[in-house]
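Engineer: Using the hints provided, position chain S relative to the given structure of chain Y.
Just so you know, the sequences run in chain order Y and S.
Take the first sequence: its position 204, counting from 1, is numbered 204 in this note's numbering, and each next residue is one higher.
Take any residue in the second sequence, count from 1 to its spot, add 341: that is its number in this note's numbering.
Careful, some of the hints might be misleading.
[Said to hold, decoys possible] Computed cross-link-like contacts, DSS-like style, restricted to lysine-lysine with a CA-CA straight-line distance of at most 27 angstroms:
1. K242/Y x K757/S
2. K757/S x K364/S
3. K757/S x K799/S
4. K242/Y x K320/Y
5. K320/Y x K364/S
6. K242/Y x K364/S
7. K364/S x K343/S
8. K35/Y x K75/Y
9. K52/Y x K64/Y
For the record, the hints were derived by calculation from the structure and aren't laboratory data.
The model shown is predicted, which means the values in this text are computed figures rather than measured ones.
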Amino acid sequence: MTDQLYDPSLGLQALAHVEDLAALEDWRVAYLGRKSELMQAFGALGQVAADKRRETGQLLNEAKRQLEQAYEARKDAMSRAALTAQLERERVDVTLPGRPLPRGHAHPITQVIQQISDLFRSMGFQIIEGPEVEWEHYNFTMLGIPADHPARDETDTFWLTDKMLLRTHTSPVQVRSLLHVGQPPIRVLVPGRVYRNEATDASHEAVFFQMEGLMVDDRTTMSDMMGMLSYMARGVFGQERKTRFGCDQGFPFVEPGAQMSIDCGVCQGAGCRVCSYSGWLEILGCGMVHPDVLRGVNIDPDRYTGWAFGLGVERIAMLKHGIDDIRLFQGNDLRFLRQVG
Amino acid sequence: MKVPLKWLARYVELDRDAEALAKLLTAAGTEVDRIERIGSEWERLQVAEILEIERHPNADRLQLATVNLGAHTLRVVCGAPNIAVGQKVPFAPIGAVIQGQALEARPIRGVVSEGMLCAADELGLSPDHSGILVLDPSETPGRSLAGVLGDDVLELAIKPGRGDCLAVIGIAREVAALTGRSVRIPPATVTERGEPIAQGFQVRIEAPELCPRFVARLVRDVTIGQSPWWLQSLLHAADVRSINNVVDVTNFIMLEWGKPLHAYDYDYLRGQRIIVRRAAEGERLTTLDGVERILTADMVVIADAEGSIGLGGIMGGAESEVKDTTHNVLLESANFDAVTMRRTARRLGMHSEAVRRFERGVDPAITRTAADHACYWFGELAGGVAAPGALDVDYIDHTPLVIDFDVAETGRLLGKQYSDEHVSRVLGSLGCEVSQPADGDGRRRLAVTVPSWRLDLKQEADLVEEVARITGYDDLPVTMPSGDIPLVPAQPLEWTARMALEDRLRQLLRGAGFSEAITYSLVSEAANRELIVDQEELFEPPSLLTALFIEPLRLANAMSEEQAFLRTSLLPSILHVYASNRRHAGGGLKFFEIGRAYWQRLGDLPDERKILALLAAGPWLPPSWLPDGRNADFSDMRGAVEAILGEADVEASFSVAEHPSLHPGRVAAVRAGDDLLGYVGELHPLIRERLDLPPDPVLVAELDLQALADRAARQRRYQGIRRFPAVSRQLTVAVGPEVAAEQVQQAIASSGGELLTEVALADVFQLPDGRRSLSYSFTLQSDERTLTDEEANDVRDAIMAALRERLGAVQR
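The shape of chain Y in the complex, shown without the other chains (with noise of 0.2 angstroms):
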């Protein structure tokens, strides 16, 4: 061996012309391999005198961590480099709009039944059913309805035989409900199919939705009935809207009966054509559980007393979308639903 000194300077200039992974790879067999000239330097050690051997070594060691370090360096880079070529190639046209998640529509009759659902469970009411088949009895003459009495005549009614009917309204099952539950207190929400033998126009139909509230307790009163009917509304409609109750006497199961309305929300109160010039809509019929309703069902009208009220879902729904053809509603018209579901 020489004395002459190990250059790394050609090592390092070689590798400026490496372009490649391959020629990299090559390159460091070459000067960092085991039969590389700088490791046979290492090899060689043993044979310099031991007077130099020591500024030799550390000669070498330098010479070997300038290389390393110039392979490692560029070797980072290349690898860099062919990771931008990657990306760079798998870019995608991220305006492209993505691919859809499936997503159905809730039909309008179940948003507004979950909504109101919903604000009376806040108030402690239970959500409840009954039959769509009913007898005439609970239809009517447990309601203060009585066979003979104009005012059967009210609502038109779908007969199955002389004793069995499609119900006219759900409130049977506030007759139910009290019987099922035999003592007060009771908080119930009735949402249900109701029957009338009409003919269907832009807004009557012969199948339609209602839902009925009952409460009943030992100290409720018609102020109560105006505060939770109140609360729901604007749950309903906005909290900025108006109520306003006004008699009605057209419901024999409640004395004293009510009918409340909100201000008209296309003209503010001001009257428009929806709202008839009158500034107010009227949205349900409600009133203080008649009496003979409570014998009727065992419970002491002097000792306990009750409110009731009931509310034609797709009037709601009408009046919250704009809809003005009530029809719509079981039509299904996908068209229809998308834009309200």
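Structural biologist: Just chain S now, kept in the frame of chain Y:
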């Protein structure tokens, strides 16, 4: 009930306009539906005075009238024979709109008319076209006609309990109470002459339970003719047809007092008597509409000495009716039993204004009063003279109802306690007599005597409503209740669980792309039949698989054949939703409905099954530019059903089944144990063709929601996470075509032992020899140790052995 304000103003002072009055009445429970404005189209019409009448030069039947309009005079052509110099008449100038048409200045037989004199029908006041309407002689020429004849008519919706409001006087009482005024009832001053009615004539009631009171009066020497225009127009405004002066008076009294009357031609009555009795079964009577009626024993007839002359309260007989030749009138004012009136009218289809009042109940105290008022008008309008006295057979107990009223009830029911003074004032304004009984027991009680016309006031709650509605509901505070929240369930708990599941499934299905439909529960007779491929009767017990064979309940009075039956299945409904949407909706269609089917039960209400129906057709995934446009198939719908079972927490199995509408090779019954939960399948191609649907497969499912909710695992318990690592093994077997995947799955589950924690089917393909290749991957895990390869292989071998033995499977 239509009430012209000018008529109303006869009985109560009106201190506000129609709008304000309508609001006041409506808020107090007498709903005003509409305000009709008489004269709103009379913008340019005026009162004219006829100054001169000449003959028309070219027409015998026409005249030329020169009229004074105050500021100027005009000449008009007039064809009516009744005009005379000095009359004040309605005049319409050129350009005014009469019966929808603008008047033009056109020559009539060569003479230009500068306007038109109007008859009552041309003004919309009554159907009378017999001549020009002659106004009060004191009217000023040139005055706007609307100011003279115009009026506002309230159209009121009277509730069944308020029969007293089917009378102008009844409405006047409401207005008086609401405005703090009093009602003025005009007195009836009847001029009587001649022989008293009681001399010779008799009235006998044989059925007082059907007719408890009968008043008869005799009016002699009437001249039948037309009513004056004011009466005609009042009747017209109230939608009652004018007949002649006598009949019009009876109708006028009915509208004024709410008391129906009937006038007989006295000279026709045989035997000087009226007998009120039950009809004989099968008795025949020709009513004045010319129809022969066959009567039953629960109807009431009015008879003379020889036979029936009228159907009491409903309609008179043809022969005894008042005719042009009538000279003497016998007036009937009677009270009839409400239920009898209603039943008779319904049975014979004879609804009338009179029946409407009788079935609601008529004030029993005004029977005589109403007759006297009618006699007064017979004198005024028909020249008749009343015979002295009346025959009044009266079985009614006129003792008034006195309600013992605890004023604290206002607070208990309304939430606001009103004072004795306030309550007394309000009830007094409605005609009640209120007094404080001397023997008070310390509670504040009032004795409230109900007026005879308020048949609806029966108990304290009724009086509370009166106080509230007359005071105004706005006066009540708005509060929230203080009572306890009820804990006792108000319906069976399993229904509540099912309703909660319904809400969860709605969310799940919406997220899976199904839109909710709500369809009519009433269907046609063909709805089921057209979905049955082969008309074979199935006598199996009713289930979701046989629901189309269940005989549907039929409505006794359906509106149309299209909606005459209660559906037994949701399948026709959901298919209809698909059929009606497919033409305009692009891409795949996915719908669900949660609704009821109605299965009849003998002698009981039907079984109302709450059912979830699903439908998918066309591309399963939403449309996009990506290549995902594959059509929905059986596996898609079964996947949806599996997701539903997962949400419901129900373990269920799928097995081969039959359904009359579905592809015989693509329908599965869904069962939990032996209970049928529902089915999933593909619509039979013949049904698809029958319904004119496109060729894409239509996938459907129906699930019984109550069965699903009842089967849900009651409670989930945490089982701990197994700490030792899981090992997986694969196994591919070939089985014959008769072996169902479910069988393989069950064999694996039963032979895998407790180390087997999961089995997943990884691949299925058809082998050329007809067998199927099924690949499974197993997850094995122990609670106690890390499994060795040998242990895992042993489990797999045991499974393979079982498959070979039970199903003839061969390992591949």
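Engineer: Hints first: check each against the structure and report whether it holds.
Structural biologist: So, going through the hints one by one against the coordinates:
1. K242/Y x K757/S: holds, 21 angstroms
2. K757/S x K364/S: holds, 23 angstroms
3. K757/S x K799/S: Roughly 22 angstroms between the alpha carbons, so the hint for K757/S and K799/S holds.
4. K242/Y x K320/Y: Holds, because 15 angstroms separates the two Cα atoms, which is no more than 27 angstroms.
5. K320/Y x K364/S: At roughly 25 angstroms apart (the allowed maximum being 27 angstroms), K364/S and K320/Y satisfy the hint.
6. K242/Y x K364/S: holds, 18 angstroms
7. K364/S x K343/S: holds, 16 angstroms
8. K35/Y x K75/Y: holds, 21 angstroms
9. K52/Y x K64/Y: holds, 18 angstroms
Violated hints are absent here; each numbered hint is respected by the structure.
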